[in-house]
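Visitor: Sequence:
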Amino acid sequence: MGDPQGIGPEVIRKALKHPGLSRLGKFVCIGDKMLLKGVPAGIAGIEYKTPGEGALKSLERGVDLIKNGAINALVTAPLSKEAVSRYIKGFRGHTEYLAGVFGVKRFDMMFVSDKIRLSLVTRHVPLKDVPGLITKKAVLDCIELMQETLRQRFNIRRPRIAVLGLNPHAGEGGLLGREDISQILPAINKAHDQGIKAEGPFPADTFFCHDKGFDGIVAMYHDQGLAPIKGMYFKDLVNFTAGLPFVRTSPVHGTAYDIAGRGIADPSSMIAAIKLACRLTSPLPGLPAPYGAGEGK
40 MGDPQGIGPE VIRKALKHPG LSRLGKFVCI GDKMLLKGVP AGIAGIEYKT PGEGALKSLE
100 RGVDLIKNGA INALVTAPLS KEAVSRYIKG FRGHTEYLAG VFGVKRFDMM FVSDKIRLSL
160 VTRHVPLKDV PGLITKKAVL DCIELMQETL RQRFNIRRPR IAVLGLNPHA GEGGLLGRED
220 ISQILPAINK AHDQGIKAEG PFPADTFFCH DKGFDGIVAM YHDQGLAPIK GMYFKDLVNF
280 TAGLPFVRTS PVHGTAYDIA GRGIADPSSM IAAIKLACRL TSPLPGLPAP YGAGEGK
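Using the numbering used here, you'd call the opening residue of the sequence shown number 40 and step up by one each time.
There's no promise every hint is true.
[As the list claims (entries may be wrong)] Restricting the straight-line Cα-Cα distance to at most 25 Å, the calculated cross-link-like pairs of lysine to any residue (SDA-like) are: (1) K88 with G64; (2) K251 with P267; (3) K175 with E187; (4) K96 with P79.
Quick caveat, the hints were computed from the structure, so don't treat them as lab data. If you're wondering where the values come from, they're calculated on a predicted model, not measured in any experiment.
Model the full structure from these sequences, guided by the hints.
Guide: Following this line, the structure appears as structure tokens:
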């Protein structure tokens with residue numbers, strides 16, 4: 040359900056009424072029964088006193104269903120990190136929470152559409168902290184997980200991976216910052232040694248201007264990667280958590296309190312999140328393969 044005061048319940052209701060979704064699988068909605076009334080799916084109801092508690096209880100119930108084998112994929116609606124952090128100190132979001140619950144050490148946010156797949160070396164951290172977190176190990180871990188995910192989840196046998204630089208113009212040979220040559224380039228070279236087709240570091244300001252034929256992109260920080268691709272692919276873009284032992288997806292928008300309850304929320308990203316979860320979990324005859332499946336270039 041996500042935050043009950045946000046647009047989560049609305050986009051869930053709209054998405055599950057979308058033509059064609061019913062043949063992709065069986066669905067269970069978790070959350071406030073009144074807010075989810077009328078959905079063509081089962082409802083696992085919860086009780087709560089505040090929006091933050093409602094969002095957290097919905098998430099916890101989803102985790103229980105995954106652990107018990109009752110469901111094999113989880114699609115989460117947007118919540119307020121601030122509201123949930125009143126119940127879990129230091130709560131950073133669905134991604135970090137689920138990784139912690141399932142004991143996963145290497146995980147990432149991967150943003151997926153039929154045209155792009157992008158992961159982040161750093162996620163929900165202040166911008167001032169990013170340079171110190173860009174290490175050879177962190178970049179290499181992200182490249183390795185991207186490679187593993189593209190091969191195992193998306194059936195791309197020999198993926199090409201682009202790695203963006205951190206600084207303007209990828210540092211201009213160290214003139215505008217040394218992280219690109221001291222941390223990012225060595226990580227790319229190490230990936231080469233492991234047989235991974237990683238290239239870069241590329242200047243981020245011009246990278247998205249042309250289709251360069253890469254199967255995956257590694258960005259250094261949140262807005263570097265998400266600002267351009269949300270602008271280009273927002274309605275079809277899905278957040279997929281790489282590294283978990285099950286499929287978890289979500290739409291890429293937030294709670295959108297300003298339009299909640301007005302009936303005008305666009306369910307496109309939620310529809311895309313549900314479709315991707317179904318395709319990655321158990322493809323059915325006649326359905327297209329997961330986005331981007333192929334040989335790699």
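Visitor: Is the Cα-Cα distance between K175 and E187 25 Å or less?
Guide: With a Cα-Cα distance of about 18 Å, the restraint between K175 and E187 holds, given a limit of 25 Å.
Visitor: Between K96 and P79, is the straight-line Cα distance small enough, at 25 Å or below?
Guide: holds (22 Å)
Visitor: Given the hint that K251 pairs with P267, test it: the Cα-Cα distance must not exceed 25 Å.
Guide: Roughly 15 Å between the alpha carbons, so the hint for K251 and P267 holds.
Visitor: Holds or violated: K88 with G64, Cα cutoff 25 Å?
Guide: Roughly 32 Å separates the two Cα atoms, so the pair is violated.
In summary, the structure is inconsistent with hint 1 from the numbered list given earlier, while agreeing with all the others.
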